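Peer 1: Spelled out, the chains give:
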Amino acid sequence: MNPMQKLYISLKQKGLTVEQERVIELELRLAEEQGEGAHAHRPLEEPRDRGLYAWSDLQLQLDASPPHALPLSSLNTLDSLLDRDRQREEDGFPRKIRIGRMMKPGRDGGDKVVVVPSTVEEKFFHDRIKIQEEGDGEGEAEGGAGEGEEGEVIGEQPVREEKGPGDSGAGQGEGGSHELESNAYDLGRILTEQFKLPNLKDKGKKRSLTRYTYDLTDKNRGFGQILDKKATLRRILQTNIALQRVSGRGRINALDLVISPRDRVYRILSREKDYESQAMVFFVRDYSGSMSGKPTDLVVSQHVLIYSWLAFQYQNQVRTRFILHDTEAKEVVNFHTYANLRVAGGTQVASAYRLVNRIVEKENLERDYNIYVFHGTDGDDWDTKGEEALPELRRMLRYAARIGITIAENGYGISGKTEVERYLRNSGLLDERNELLRLDVMDKDSNEGRVIEGIKRLIS
Amino acid sequence: MELLSQHAKKIMEGCKERAREAGLSFQDESLEYIVTNRDMLQLSPKLMIPTLYDYWVQDVEVLKEQGRYELYPGNPYETVINTRPPISYYNDNNPDWLNVMIFYHVLGHIDFFQNNIFFRHTWDYDFTSRALSDKRMIAKLRSEKGRWVDYVIEFSKAVDNLVGYFDVLADLEKPDAKGPEAMLDYYFDVFLQQDGHAITRYVREIELYNTMLHQHEAGADKAFLDSVRSRHPEFESLYDKSRREKKPARGGDVLQFLMDNSPFLHHEENRWMLSVMSMIRSTSLYFQPQIRTKILNEGWASYWHEKLFLEDDRIGGHEVEYAIVNAKVTSMPRVGLNPYALGMRLFDYLEDKAEKGKISYDYDRIGDKNTRRHFDRKTGKGREFIFAVRENSADSMFVSTFIDQDFVDLHRLFVAGKRFNKERMTWQYYVKSRRAEDYREMVADSLYHPPLIKVSADDKGTLVLNHVFEGKPLVREYIEATMMGLEFLWGGRICLYTSEPVPVKTTAEQEEATMKSERPIREIGWKRFLYTMSGRKLSREPVSEM
Chain S
4 MNPMQKLYIS
14 LKQKGLTVEQ
24 ERVIELELRL
34 AEEQGEGAHA
44 HRPLEEPRDR
54 GLYAWSDLQL
64 QLDASPPHAL
74 PLSSLNTLDS
84 LLDRDRQREE
94 DGFPRKIRIG
104 RMMKPGRDGG
114 DKVVVVPSTV
124 EEKFFHDRIK
134 IQEEGDGEGE
144 AEGGAGEGEE
154 GEVIGEQPVR
164 EEKGPGDSGA
174 GQGEGGSHEL
184 ESNAYDLGRI
194 LTEQFKLPNL
204 KDKGKKRSLT
214 RYTYDLTDKN
224 RGFGQILDKK
234 ATLRRILQTN
244 IALQRVSGRG
254 RINALDLVIS
264 PRDRVYRILS
274 REKDYESQAM
284 VFFVRDYSGS
294 MSGKPTDLVV
304 SQHVLIYSWL
314 AFQYQNQVRT
324 RFILHDTEAK
334 EVVNFHTYAN
344 LRVAGGTQVA
354 SAYRLVNRIV
364 EKENLERDYN
374 IYVFHGTDGD
384 DWDTKGEEAL
394 PELRRMLRYA
404 ARIGITIAEN
414 GYGISGKTEV
424 ERYLRNSGLL
434 DERNELLRLD
444 VMDKDSNEGR
454 VIEGIKRLIS
Chain Z
1253 MELLSQHAKK
1263 IMEGCKERAR
1273 EAGLSFQDES
1283 LEYIVTNRDM
1293 LQLSPKLMIP
1303 TLYDYWVQDV
1313 EVLKEQGRYE
1323 LYPGNPYETV
1333 INTRPPISYY
1343 NDNNPDWLNV
1353 MIFYHVLGHI
1363 DFFQNNIFFR
1373 HTWDYDFTSR
1383 ALSDKRMIAK
1393 LRSEKGRWVD
1403 YVIEFSKAVD
1413 NLVGYFDVLA
1423 DLEKPDAKGP
1433 EAMLDYYFDV
1443 FLQQDGHAIT
1453 RYVREIELYN
1463 TMLHQHEAGA
1473 DKAFLDSVRS
1483 RHPEFESLYD
1493 KSRREKKPAR
1503 GGDVLQFLMD
1513 NSPFLHHEEN
1523 RWMLSVMSMI
1533 RSTSLYFQPQ
1543 IRTKILNEGW
1553 ASYWHEKLFL
1563 EDDRIGGHEV
1573 EYAIVNAKVT
1583 SMPRVGLNPY
1593 ALGMRLFDYL
1603 EDKAEKGKIS
1613 YDYDRIGDKN
1623 TRRHFDRKTG
1633 KGREFIFAVR
1643 ENSADSMFVS
1653 TFIDQDFVDL
1663 HRLFVAGKRF
1673 NKERMTWQYY
1683 VKSRRAEDYR
1693 EMVADSLYHP
1703 PLIKVSADDK
1713 GTLVLNHVFE
1723 GKPLVREYIE
1733 ATMMGLEFLW
1743 GGRICLYTSE
1753 PVPVKTTAEQ
1763 EEATMKSERP
1773 IREIGWKRFL
1783 YTMSGRKLSR
1793 EPVSEM
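As they're listed, the protein sequences go chains S and Z.
Heads up, our numbering is the position in the first sequence plus 3, with the first residue counted as 1.
Heads up, our numbering is the position in the second sequence plus 1252, with the first residue counted as 1.
Source of the hints: derived by calculation from the structure; they are not laboratory data.
Mixed in with the good hints, there may be bad ones.
If you want the footprint, here are the derived chain S segments under chain Z, 3+ residues with CB under 8 Å [claimed, not checked]:
#, stretch
1, 83–90
2, 124–131
3, 148–155
All figures in this text were calculated on a predicted structure; none of them were measured in a lab.
The beta carbon of each residue, even a glycine, is placed where N, CA and C say it ideally should be.
The following block holds chain S by itself, in its conformation from the complex (with noise of 0.2 Å):
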């Protein structure tokens, strides 16, 4: 028997709601499909093939740029998009530019972004009959020729992998050379300048970083900008004693002192360390069965958002950890790995509050750095009182700056009714810590704007 079995009669003894049972045992169940079944219990997007109307000229003939490549220029244009949009709120209409489609921390490690502006044209449109709750779908017919009788299956496309350009998931765009281009930092700019995210408040200096300024700190004997008197005078009694002009008993006459030249001490003007506060940020995400699709695509671009902001908050002094969790919690390395791994297990929150505790102790992280932990998840949890995710959140709440939990509702419990939401609310430590920790719920359908209102929640 796994081990996953074994937790899961172990809790039963304890006691399960119907509910509770019945998520958990969806995840066993996905779990032993090993992640295959990961599409079989929410809608799937069926491939879809160019339409009708996507066939040109200039494509076929010319082979010129296929009409979606668009003029993206500049980061003005993007900020003055923006100030367009912010002024579209004081006029009375809701915000028009999404800043979706971006964050591609590359598997190489660097923190490149791109910011693609993009936005709707609402009109009136037919919509399709949207009927397929269940995994069992039937896509919509398109044209064909050549050979084949009728029921003949000719072809055949995997589900998994391929992320369409329209994901907000990782992974390069597709026409990569025209969207434009930005590091984290400036997405954190934006984030803060245009969507009026909160600045950070300092929090200390602690650790040396290569960064230094000019201030008049060092001493020079014979020139120098601005002369120590305090020292000049020790300096100049040094010399007289040496000199035995000067003894113990009687009073001085500082008319009799002799001065040397090397006896001025000034103050100079030098390069000087500086000391930065720097920020340690967990991003922990929860990969288990339920969590597959929209909610991970949420937490991901979440994620990846308060990445961008911290990044501007720190002057790009933010180190990351990414955590992901099912039953276990591990660490990867990347970004990259974090936002695309997938897993079917059930889930355990305490897992990975565990390993970030043990992380940090072991790496007496707490010294060096302003910590903070954003764990995304969709609420379920086979720990259903929190019995042990409690006390490792009280335990983290110890050190860290900020904890901030989002809960992408995955649309199968109920709303604002998922355990972790149900457990932390009832700790009351919403309520008594709500300097160090925050939460953030939102439902499966949620838009970029919804997101960024999340990060203001969750930060602010």
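The hints should help you fit chain Z onto chain S, whose structure is shown.
Peer 2: Okay, now just chain Z, sitting in the frame of chain S:
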């Protein structure tokens, strides 16, 4: 952007001669430009019209969230635009033979633009010049009104797919009020049908009219109308009365309705918005026929570039290179719908059919397969027939009239289905049907079809939109923003009636069946909903009964 070289232009003039000889008709002048990729970047968001007005949305990527919304405005990207003179675009390093091929294709498009009746309303003016003056107007307004110009553009564009295109076309074809045609129309369409039990009389009158046509030919209309007048002395005065009566608005043209009736837009300080809206409306009307004739237009152009290129004596020796490019354009994809390939094959098929006299009652009556196959009247009317088709059809008619089982069998077409295979975690494509009806339905289903929304205003000054139910819901996420824009332009409350699918509750019995088959049986019913936008707040409530 620069003009094509004289060398290439000379070749193209040669193409024009050959195309004319083959029967295409188009105006003498045309403009050809060389475009670089950079030019393309600037042109494509402007739908290839270099003089189109500026609008910030052109600077951002417009998300097309689901394939279906590509339907608008995907079409207008062409190498050739329907202007006077027509403008077409070329790469600067094209070899001559390729330019010849493209130019024949372009000539096919130009011929189509200038002869297909669905473009009737674009024949009287030059769109590029109009667009240029519009662009200047927008620039001027923007300097005065600032960002509000962009709001008006945005909100007008939100309904620019509801512009009453067919009404515009119908108005162009209206018969002369004084002529006998209009009177005959009135007599048969209105006068005779006023009382309910008129069928026998109607048939009698039709017969009378037909006999007169046979007897007099030329003066039949007049003679018939004289007889009507003598039998119904009141006819003339009723006819005059009906002409004077104001026609009720047909109500599909939301943009025009707003311009005519919105109290907000008729405030003195808001009148400038009307010119912006009318610009959006005319731009949209300009593109309407293009998007409704994609298959025909591309099919026609492909048909001709193939015919004319292969007959052109100047480009011998490049047949293989040509074949490669041509195959890319006009081969039937294994799965997917290529309008070039489908349209071209249909034209070929129809020409052949008409040539053999198969488009006739006699042929349709034959049941015997062998006789059908060898049916050949050698009419010599194939070309004539396809020219008539290019003049009088739009995609929907083209597809629903001419795709038949013979055509589907000839090209081994099928409807490809997709289904999700849980075990293999793949989407499987399979041959769903080889029946012509299904294929027709599939093509028809992928054609551009904006919702029909009737517009009116009630006594309390609320704008009432009534989405006519055609078995499809509206995209719900877009309703709020669209209505907010409309509210701004209307200056008051807006209501929208629309139908949405609601899952029908499964009974216990069905649930059991579901359990057994492991595939949930889902049924939907339709329910009418009322959306109300007031004070930029949207509310939604079910309408009890229609």
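Peer 1: It remains to establish, for every hint, whether it holds in the given structure.
Peer 2: Structure-based check of all given hints:
no.: 1; hint: 83–90; result: holds (count 3)
no.: 2; hint: 124–131; result: holds (count 8)
no.: 3; hint: 148–155; result: holds (count 8)
The structure is consistent with each of the numbered hints, conforming to all of them.
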